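Note that our numbering has the sequence shown beginning at 108, numbered continuously upward.
Hints in this document: simulated from the structure, not taken from any laboratory. Bear in mind that the values here come from a model prediction, so they are computed numbers and not experimental data. Some hints could be false.
Listed next, with one range per pair, are the computed distances between beta-carbon atoms [what the hints assert, rightly or not]:
#: 1; residue 1: A309; residue 2: E511; range: 53 to 63 Å
#: 2; residue 1: E310; residue 2: F512; range: 48 to 58 Å
#: 3; residue 1: A157; residue 2: L579; range: 25 to 35 Å
#: 4; residue 1: R567; residue 2: K462; range: 45 to 55 Å
#: 5; residue 1: G414; residue 2: T561; range: 21 to 31 Å
#: 6; residue 1: H230; residue 2: P151; range: 36 to 46 Å
#: 7; residue 1: P403; residue 2: L579; range: 39 to 49 Å
#: 8; residue 1: G372; residue 2: W200; range: 53 to 63 Å
#: 9; residue 1: S352; residue 2: D451; range: 21 to 31 Å
#: 10; residue 1: D217; residue 2: G414; range: 31 to 41 Å
#: 11; residue 1: D450; residue 2: L477; range: 22 to 32 Å
Computed cross-link-like contacts, DSSO-like style, restricted to lysine-lysine with a CA-CA straight-line distance of at most 30 Å [claimed, not checked]:
#: 12; residue 1: K433; residue 2: K216
#: 13; residue 1: K408; residue 2: K427
#: 14; residue 1: K446; residue 2: K462
#: 15; residue 1: K476; residue 2: K389
#: 16; residue 1: K155; residue 2: K216
#: 17; residue 1: K564; residue 2: K232
#: 18; residue 1: K576; residue 2: K476
#: 19; residue 1: K324; residue 2: K476
#: 20; residue 1: K582; residue 2: K542
Backbone N, C-alpha and C define an ideal beta-carbon position, used for all residues, glycine too.
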Amino acid sequence: MGYPLLVFFLKQNHTNKGGHGLGGTNATGQVPDFGGLRTGLIDPDTPKDAYSKMNVDGTKKMNLVFSDEFEQDGRSFYPGDDPVWQAEDLFYWGTGDLEWYDPAAITTKDGALRISLTEHVSHNKNFRSGLLSSWNKFCFTGGRIEVAVILPGTNDVSGFWPAAWLLGNLGRQGYGATTEGMWPYSYDSCDVGTLPNQTWPAEQGGGPEAAVSGGDKQGPLSYLPGQRLSRCTCPGEDHPGPLLSDGTLRGRGAPEIDVFEVSAGKAYTASQSLQSAPYNAKYRLPTTDGAVYYAPGRAGKNSYEGGVYQQAVSGVSQFKSDAFEKDGAVFNVMAVEYKPGLDDDSYVAWMTDGKLAWSVHPPAMAPDKLTEIDVRPFPQEPMYIIMNLGMSQSFSWPDWENLEFPAHMLIDYVRVYQPEGEENVGCDPPDYPTKDYIDRHIGAYTNANLTTWTEPKGLRGGYGGTFPKNRLLHKC
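Use the sequences and the hints to build the structure in full.
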């Protein structure tokens with residue numbers, strides 16, 4: 108299965124929080140032992156009739172490869188207390204959040220994971236909530252993830268930002284240095300799409316014009332610093348690999364797939380997106396043939412298509428009104444299923460309330476002549492799971508007069524399925540390795556105060572790293 112699925116030693120010092128600490132990790136494919144609760148990646152509390160299902164088009168059987176039913180009350184997710192999950196202790200500055208994420212905000216109760224958003228002053232923030240992730244512990248490549256969720260608050264009051272999403276293991280959420288030049292790239296070509304701002308330097312003629320003036324209000328299309336670990340990387344530079352048969356290094360990144368991001372209010376809709384880089388001209392897909400919406404009136408195209416920091420290949424679908432904590436509190440099954448890569452049958456498909464909502468297909472990721480970029484593969488990186496409950500005016504304007512605290516996002520279960528015979532679980536697969544690179548830069552991956560990769564150490568949160576030489580800009 109590959110690093111870093113966990114080695115969970117029985118001879119370990121236990122904390123006093125009711126959880127079990129990590130004993131270590133390795134590349135042997137050993138799996139978690141949950142202190143007598145479970146002995147593998149599949150939770151024994153998962154019903155047997157949930158061990159398999161068909162894929163979205165009914166052509167392939169998929170088997171359960173991971174589950175967590177959260178049946179044991181009082182679990183702790185402080186660092187070292189759980190073999191798969193860790194709750195973060197940080198401020199999510201990248202989206203201008205109003206809360207501080209604190210492990211104390213996450214536990215299990217009445218058979219569900221509970222993330223609580225409270226009015227609690229912490230680190231100069233007026234609110235406290237939780238973010239849980241499986242970074243560098245459990246990853247998978249391709250298949251389906253299902254999350255059964257009750258949303259916070261009521262369906263007609265905006266302000267909360269509940270979400271479940273996937274991110275490539277080379278970028279750690281909330282650790283800004285690790286995502287600079289990585290998020291949200293899924294790209295394996297050597298062209299202008301790998302360069303800062305998606306443009307050629309002035310001394311090389313500049314352009315293309317669609318990247319210079321094809322963004323918001325006829326401004327620049329992209330403010331990204333360029334793909335740090337691109338296919339253009341010169342041999343011998345700092346890169347996780349692999350080295351391919353033609354002597355080049357595979358383009359790497361930290362792509363993002365959102366299972367759901369929900370905004371309540373009049374429509375109480377879920378945004379379901381593939382965050383992408385490099386970008387199409389005006390953030391618009393090159394063809395309308397690449398997206399399919401299966402429930403007119405319930406699912407459709409998202410009016411937000413992107414900005415200078417990401418292109419959003421995005422749809423919206425409507426939740427049931429009783430999926431909210433104070434409006435029925437009925438668990439709603441949200442899911443995303445995808446086949447990675449560039450094949451004609453590759454895809455990403457989203458489900459709401461267990462029903463297919465919309466999907467995106469290869470024509471949507473085709474080359475763009477205007478921005479001079481090549482095809483963008485559906486994410487091939489090992490992806491880890493993130494679940495969080497935030498607040499940010501950048502996503503949903505808080506209706507302060509009507510918001511009620513505390514608010515809770517409840518998760519009944521998380522289940523991951525993969526097609527039979529195509530199982531790919533692990534954070535360090537040989538064709539997309541991550542372990543050695545993360546180990547070389549462990550300081551960036553373990554210090555959330557480091558917000559940029561290239562700034563000098565001690566200056567504005569800099570890690571003090573460098574971007575590898577890109578053969579389009581440097582002599583190799």
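Are K446 and K462 close enough, with their CA atoms no more than 30 Å apart?
Given that 30 Å is the threshold and the Cα spacing comes to 18 Å, the pair holds.
For the pair A309 and E511, does the Cβ-Cβ distance stay inside 53 to 63 Å?
Since the Cβ atoms of A309 and E511 sit about 54 Å apart, the hinted range of 53 to 63 Å holds.
Just to be sure I understand the hint, the distance between the Cβ atoms of G414 and T561 should be within 21 to 31 Å; is that true here?
About 22 Å separates the Cβ atoms of G414 and T561, which means 21 to 31 Å holds.
So if I understand the rule, the pair passes when the alpha-carbon distance is 30 Å or less; does K324 with K476 pass?
Holds. K324 to K476 sits at ~21 Å (cutoff 30 Å).
Quick one: are S352 and D451 within 21 to 31 Å, going by C-beta?
holds, 23 Å
Straight-line alpha-carbon gap K155 to K216, limit 30 Å
holds, 23 Å
Between the alpha carbons of K408 and K427, is the straight-line distance 30 Å or under?
holds, 19 Å
Status of the given 25 to 35 Å range, CB of L579 versus CB of A157
violated, 49 Å
Given the hint of 39 to 49 Å, is the C-beta distance from P403 to L579 inside that range or not?
The hint (39 to 49 Å, Cβ to Cβ) holds, given that P403 and L579 are roughly 44 Å apart.
30 Å limit on alpha-carbon distance, applied to hinted pair K476 and K389:
holds, 13 Å
Given a hinted range of 53 to 63 Å, is it respected by the beta-carbon distance of G372 and W200?
violated, 25 Å
Using the C-beta atoms of R567 and K462, is the stated range 45 to 55 Å upheld?
This hint holds: roughly 47 Å between Cβ atoms.
Violated hints for the displayed structure, listed by number in ascending order: 3 and 8.
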